[in-house]
Amino acid sequence: MDGLAGGSLIITFLALTLLSWMNGYEELSFLNATTVGALITYTYFNVKPARFQMGDVGSLGLGALLAINAIVINKMLLLPFLGFIFYIELLSVIIQVAGRYTLGRRIFKMAPIHHHFELRGWSEEKTVMRFWIMHGAVVLLGIWIALF
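Position 22 of the sequence shown, counted from 1, bears residue number 22 in the working numbering, the numbering being contiguous throughout.
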(Lines of atoms letter the chains of each structure in order from A and count residues from 1; the text may use other names and numbers.)
(Lines give C-alpha, C1' and ligand atoms only; values in the text may rest on other atoms or scores of the structure.)
Protein backbone atom coordinates (compact mmCIF):
# COMPACT_ATOMS: atom_id res chain seq x y z
CA MET A 1 0.00 0.00 0.00
CA ASP A 2 2.89 2.36 -0.64
CA GLY A 3 0.63 3.92 -3.27
CA LEU A 4 -1.38 5.32 -0.37
CA ALA A 5 1.70 7.04 1.07
CA GLY A 6 3.01 8.11 -2.34
CA GLY A 7 -0.24 9.68 -3.53
CA SER A 8 -0.93 11.34 -0.19
CA LEU A 9 2.57 12.81 -0.16
CA ILE A 10 2.09 14.12 -3.71
CA ILE A 11 -0.97 16.04 -2.48
CA THR A 12 0.89 17.27 0.61
CA PHE A 13 4.00 18.42 -1.26
CA LEU A 14 1.91 20.13 -3.95
CA ALA A 15 0.35 22.15 -1.14
CA LEU A 16 3.78 22.86 0.34
CA THR A 17 5.05 23.96 -3.08
CA LEU A 18 2.24 26.49 -3.25
CA LEU A 19 2.60 27.66 0.36
CA SER A 20 6.39 28.03 0.22
CA TRP A 21 6.18 29.95 -3.07
CA MET A 22 3.47 32.25 -1.70
CA ASN A 23 5.60 32.97 1.38
CA GLY A 24 8.65 33.92 -0.69
CA TYR A 25 10.70 30.73 -0.32
CA GLU A 26 11.38 30.06 -4.00
CA GLU A 27 14.24 27.61 -3.36
CA LEU A 28 12.11 25.56 -0.98
CA SER A 29 9.27 25.69 -3.47
CA PHE A 30 11.60 24.27 -6.13
CA LEU A 31 12.70 21.48 -3.76
CA ASN A 32 9.05 20.65 -3.05
CA ALA A 33 8.18 20.62 -6.76
CA THR A 34 11.12 18.30 -7.39
CA THR A 35 9.89 16.06 -4.57
CA VAL A 36 6.44 15.98 -6.21
CA GLY A 37 8.06 14.89 -9.48
CA ALA A 38 9.97 12.12 -7.72
CA LEU A 39 6.81 10.97 -5.92
CA ILE A 40 4.81 10.93 -9.16
CA THR A 41 7.48 8.70 -10.71
CA TYR A 42 7.52 6.50 -7.61
CA THR A 43 3.72 6.17 -7.59
CA TYR A 44 3.64 5.45 -11.34
CA PHE A 45 6.00 2.51 -10.91
CA ASN A 46 4.28 1.37 -7.73
CA VAL A 47 0.87 0.69 -9.26
CA LYS A 48 -0.26 -2.84 -8.46
CA PRO A 49 1.74 -5.01 -8.53
CA ALA A 50 4.22 -2.82 -6.66
CA ARG A 51 7.77 -3.10 -7.94
CA PHE A 52 9.48 -1.67 -4.86
CA GLN A 53 8.67 -0.31 -1.42
CA MET A 54 9.19 3.11 0.11
CA GLY A 55 10.26 1.63 3.42
CA ASP A 56 11.43 3.49 6.49
CA VAL A 57 14.17 5.38 4.67
CA GLY A 58 11.71 6.97 2.25
CA SER A 59 8.89 7.61 4.70
CA LEU A 60 11.14 9.03 7.43
CA GLY A 61 13.02 11.23 4.97
CA LEU A 62 9.82 12.60 3.46
CA GLY A 63 8.32 13.10 6.90
CA ALA A 64 11.40 15.07 7.95
CA LEU A 65 11.15 17.19 4.79
CA LEU A 66 7.49 17.84 5.58
CA ALA A 67 8.36 18.97 9.12
CA ILE A 68 11.26 21.14 7.93
CA ASN A 69 8.94 22.82 5.41
CA ALA A 70 6.41 23.64 8.12
CA ILE A 71 9.11 25.10 10.35
CA VAL A 72 10.78 27.18 7.60
CA ILE A 73 7.55 28.71 6.27
CA ASN A 74 6.21 29.07 9.82
CA LYS A 75 3.08 26.97 9.22
CA MET A 76 3.46 24.36 11.97
CA LEU A 77 -0.23 24.64 12.82
CA LEU A 78 -1.03 23.31 9.34
CA LEU A 79 0.69 19.97 10.00
CA PRO A 80 -2.54 18.25 11.13
CA PHE A 81 -4.08 19.24 7.78
CA LEU A 82 -1.03 18.52 5.61
CA GLY A 83 -0.43 15.17 7.29
CA PHE A 84 -4.07 14.30 7.92
CA ILE A 85 -4.06 10.78 6.49
CA PHE A 86 -0.86 9.92 8.36
CA TYR A 87 -2.39 11.09 11.64
CA ILE A 88 -5.50 8.98 10.96
CA GLU A 89 -3.34 5.91 10.31
CA LEU A 90 -1.37 6.56 13.51
CA LEU A 91 -4.48 7.16 15.61
CA SER A 92 -6.08 3.96 14.35
CA VAL A 93 -3.08 1.97 15.61
CA ILE A 94 -3.16 3.76 18.98
CA ILE A 95 -6.90 3.11 19.33
CA GLN A 96 -6.44 -0.54 18.35
CA VAL A 97 -3.68 -1.12 20.91
CA ALA A 98 -5.56 0.79 23.64
CA GLY A 99 -8.73 -1.20 22.94
CA ARG A 100 -6.82 -4.44 23.07
CA TYR A 101 -5.30 -3.65 26.47
CA THR A 102 -8.24 -1.87 28.13
CA LEU A 103 -11.28 -3.63 26.65
CA GLY A 104 -9.62 -6.92 25.81
CA ARG A 105 -10.80 -6.76 22.21
CA ARG A 106 -9.97 -5.10 18.93
CA ILE A 107 -11.80 -1.98 17.80
CA PHE A 108 -10.94 -2.44 14.11
CA LYS A 109 -10.61 -5.69 12.19
CA MET A 110 -6.98 -4.72 11.58
CA ALA A 111 -4.83 -1.64 12.06
CA PRO A 112 -3.72 0.66 10.45
CA ILE A 113 -7.22 1.56 9.37
CA HIS A 114 -6.68 1.07 5.63
CA HIS A 115 -6.34 -2.67 6.31
CA HIS A 116 -9.65 -2.56 8.21
CA PHE A 117 -11.41 -1.36 5.06
CA GLU A 118 -9.72 -4.04 2.97
CA LEU A 119 -10.96 -6.72 5.36
CA ARG A 120 -14.45 -5.21 5.10
CA GLY A 121 -14.39 -5.94 1.39
CA TRP A 122 -12.98 -2.78 -0.20
CA SER A 123 -10.41 -3.41 -2.90
CA GLU A 124 -6.93 -1.98 -2.44
CA GLU A 125 -7.55 0.46 -5.29
CA LYS A 126 -10.83 1.66 -3.78
CA THR A 127 -9.24 2.12 -0.37
CA VAL A 128 -6.30 4.09 -1.76
CA MET A 129 -8.49 6.33 -3.93
CA ARG A 130 -10.91 7.11 -1.10
CA PHE A 131 -8.06 7.94 1.24
CA TRP A 132 -6.45 10.20 -1.42
CA ILE A 133 -9.75 12.04 -1.90
CA MET A 134 -10.25 12.48 1.84
CA HIS A 135 -6.66 13.64 2.29
CA GLY A 136 -6.92 16.06 -0.63
CA ALA A 137 -10.07 17.63 0.81
CA VAL A 138 -8.45 18.16 4.22
CA VAL A 139 -5.27 19.57 2.63
CA LEU A 140 -7.40 22.02 0.63
CA LEU A 141 -9.09 23.06 3.86
CA GLY A 142 -5.66 23.62 5.39
CA ILE A 143 -4.55 25.78 2.45
CA TRP A 144 -7.76 27.79 2.72
CA ILE A 145 -7.13 28.34 6.43
CA ALA A 146 -3.52 29.37 5.71
CA LEU A 147 -4.66 32.00 3.23
CA PHE A 148 -7.00 33.72 5.69
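FYI, nobody ran anything at the bench for these hints, they're computed from the structure.
Just to be clear, a hint being listed does not mean it is correct.
As the list claims (entries may be wrong) - In the DSS-like style, the derived pairs of lysine-lysine whose C-alpha atoms are separated by at most 27 Å in a straight line are:
no.: 1; residue 1: Lys109; residue 2: Lys126
no.: 2; residue 1: Lys48; residue 2: Lys109
no.: 3; residue 1: Lys126; residue 2: Lys48
To be verified - Restraint-style ranges between C-beta atoms, simulated for each label pair:
no.: 4; residue 1: Phe30; residue 2: Leu103; range: 26 to 34 Å
no.: 5; residue 1: Leu119; residue 2: Val57; range: 37 to 45 Å
no.: 6; residue 1: Asp56; residue 2: Arg100; range: 20 to 28 Å
no.: 7; residue 1: Lys126; residue 2: Glu26; range: 20 to 28 Å
no.: 8; residue 1: Ala50; residue 2: Leu147; range: 15 to 23 Å
no.: 9; residue 1: Gly99; residue 2: Gly37; range: 35 to 43 Å
no.: 10; residue 1: Asn74; residue 2: Gly37; range: 38 to 46 Å
no.: 11; residue 1: Ile145; residue 2: Tyr101; range: 31 to 39 Å
For every residue, glycine included, the Cβ atom is placed at its ideal position computed from N, Cα and C.
Against the structure, the hints:
{"no.": "1", "hint": "Lys109 / Lys126", "result": "holds, 18 Å"}
{"no.": "2", "hint": "Lys48 / Lys109", "result": "holds, 23 Å"}
{"no.": "3", "hint": "Lys126 / Lys48", "result": "holds, 12 Å"}
{"no.": "4", "hint": "Phe30 / Leu103: 26 to 34 Å", "result": "violated, 49 Å"}
{"no.": "5", "hint": "Leu119 / Val57: 37 to 45 Å", "result": "violated, 28 Å"}
{"no.": "6", "hint": "Asp56 / Arg100: 20 to 28 Å", "result": "holds, 24 Å"}
{"no.": "7", "hint": "Lys126 / Glu26: 20 to 28 Å", "result": "violated, 39 Å"}
{"no.": "8", "hint": "Ala50 / Leu147: 15 to 23 Å", "result": "violated, 36 Å"}
{"no.": "9", "hint": "Gly99 / Gly37: 35 to 43 Å", "result": "holds, 41 Å"}
{"no.": "10", "hint": "Asn74 / Gly37: 38 to 46 Å", "result": "violated, 25 Å"}
{"no.": "11", "hint": "Ile145 / Tyr101: 31 to 39 Å", "result": "holds, 36 Å"}
In terms of the numbered hints stated before, the structure departs from hints 4, 5, 7, 8, 10, listed from lowest to highest.
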